[in-house]
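Asks: Guided by the hints, dock chain B with the ligand onto chain A, whose structure is given.
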Amino acid sequence: MRLSEYPKGGKYGPFGGRYVPEILIPALEELEEAYLALRDDPDFRAQLTRYLREYAGRPTPLYFARNLTRYAGGAKIYLKREDLLHGGAHKLNNALGQALLAKRMGKRRLIAETGAGQHGTATAIAGAVVGLEVEIYMGALDAERQRMNLFRMELLGAKVNLVDSGTKTLKDAINEALRDWATNVRDTHYLIGSVVGPHPYPMMVRDFQSVIGREIRDQVLAAEGRLPDLLVACVGGGSNAMGTFYPFADEEQVGLLGAEGGGEGERHAASLARGTVGVLHGMRTYLLQDEWGQIAETYSIAPGLDYPAVGPEHALYRELGRAEYVAVTDAEALSAFRLLARLEGIIPALESAHAVHAAIQRAREMPRDAVVVVTLSGRGDKDLDLVLRASGEGPREGW
Amino acid sequence: MGWIRITEAFSAARSRGEGALVAYLMGGDPDPGASPTYIAALAEGGADVIEIGIPFSDPVADGPTIQAAGVRALRAGTTPETVLRIAAAVKRDAGVPLVLMGYYNPIIRFGEEAFCAAAAECGVDGLIVPDLPPEEAAPLEEAAGRHGLGLVFLVTPETRGDRARDIAAHTRGFLYLVSRYGTTGERRGLPPDIMGLIGRIRGATDLPLAVGFGISRPEHVRAVLACGADGAVVGSRLVREVGVGSPPEALRRLMRELKAATRR
Ligand SMILES: Cc1ncc(COP(=O)(O)O)c(C=O)c1O
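In order, the protein sequence lines correspond to chains A and B. In terms of my numbering, the first sequence opens at residue 21 and continues consecutively. In terms of my numbering, the second sequence opens at residue 1475 and continues consecutively.
Hints listed in this document are in silico derivations from the structure and should not be mistaken for laboratory results. Heads up, a few of these hints could be off.
The calculated lysine to any residue pairs, modelled on SDA-like cross-linking and capped at a C-alpha distance of 25 angstroms, are [as the list claims (entries may be wrong)]:
#1 K28/A to T349/A
#2 K123/A to K188/A
#3 K31/A to P1538/B
#4 K188/A to F171/A
#5 K31/A to P1613/B
#6 K188/A to G1656/B
#7 K188/A to A1550/B
#8 K28/A to P1613/B
#9 K179/A to P1608/B
Chain A with its partners taken away, still in its complex shape:
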């Protein structure tokens, strides 16, 4: 079976599935049916394409990063500029797709979880433009870390609920969104923000994000006349990475590299690089858990990577050795963040900075005619506060 043919029966080999309370099963069946019917519907595709083009700003550029390439001293490094998408991150590709789908399914209300606030913002944007009520769940700790995004979501008309349970981060926001969905499943669509959760979410979110990889293919072919040697993306839940990888899944000569949140010391969020298999949020996948199967507290400086699980399709790619996943530390990501700002005039999201670091390391060891593409999943404006605090400096010193 070719990799691109997964999922089969909602599974990615041993991963994926639908591990949810019974109350949600009919909704997942209904969603799968509606999605499969609309996926190939010319009218729906045209509508989504129109929104992506005229509203969100697609296609995003593929930029040859000459200065970064010279700095690394190896392969040519290209940046896929999802940071230029409306809303400041790749999240809108998926949010628009699902919002249009929900509208056609006759749902009245969207709910979503958010970690960094990027997916919450994208959902608020999509809800506003498509005309659906939006309610967002955000961990109280994350809200503290990303105050501006909280304000942004409210400006866009979303109601934001702070989640005080558990570790007060993304995983708890997902728990609370699942509870809301179980209560309001008849008129509400749960707009999951990454390639995680029960089937059909990992497949559906991957498909909506695959516009990234499809554009990369056309753009690299135009610029280089051949396919890239290596694709690099950061992995939180794994949506920008899967959107980048999937259109190349069956082309073994294209290397795939995912960068997870390596945090600092023993505290990290590297589910694929250092986790074990289990079940969380409706899927069987790699998790960070303790010896009793309690979900572990994770940590990364990048809120969007601070999640103890990962999409099941990545788990399969890891298992088969199709993709490689590395843990990039806070310190490495911070230095890549500063480096890209200074060398290329681009301030990346802290999440994306993890991918930039991994790409530099790899490009260094590759020949000069090799081609590396890094997906820059978002822009760093949301992170200025965090970086300032992490550096322990005033804004004028040491920059």
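Replies: Chain B with the ligand alone, transformed into the frame defined by chain A:
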């Protein structure tokens, strides 16, 4: 075979002219030392079947009351092994059928086979795993079957008739009817369509049928039994007492009131 004891508890209640009262507490709440006394109080107050929760860090099917109980139990150091020990102690003293209710991941971590073996050894008769629908349940179902444990699945107001029949075919012990949308937790009243719902599911199975989620008052118990259920499950109402520091005696009293409402 453990699950037969559950079914027999329902028949025994029926032959006494009563509905079955299924009572839930979180294992290890408020701490592993005090927990067996609280759970024993359920039996002393008249529980026909007892459910013991296994605390989990991410309980998506539970409302605030049971979430808080899980946090208390985990903070006090409760593990699945602790809950098994508590179950063994309760079984020794009270002898009522026991069902463990816990999320799937800790069971996977323990190992399905090892977990079912240990549970049967401790006198457990059945398991409820709220995030494990029948489609995904084969590994646990086989392990449970080997050790005589019944897997109790849930049906809900969203479950269509054909699916309800499939679910019932996988279920041993009793069928758990979730009476409403949402999570566990106390509610003022029952959903308006409860009679139709019970009637519809009643028609899909010969298993004993117990209604839960939101059942917290004697009049709720009376109402679901009058609508044709064989039993009622009370959880959050009991857990709340442990949470506010009531003594086991308060639970015994509360249970007697709820149990009285099962007499037809
Ligand atoms: C800019 C950015 N990149 C990456 C991520 C991680 O998500 P995913 O792995 O699904 O792409 C997030 C999540 O919030 C994000 O905001």
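Asks: Could you run down the list of hints and mark each one as holding or not?
Replies: Hint-by-hint comparison with the structure:
no.	hint	in the structure
1	K28/A to T349/A	violated (35 angstroms)
2	K123/A to K188/A	violated (30 angstroms)
3	K31/A to P1538/B	violated (32 angstroms)
4	K188/A to F171/A	holds (18 angstroms)
5	K31/A to P1613/B	holds (16 angstroms)
6	K188/A to G1656/B	holds (21 angstroms)
7	K188/A to A1550/B	holds (20 angstroms)
8	K28/A to P1613/B	holds (19 angstroms)
9	K179/A to P1608/B	violated (36 angstroms)
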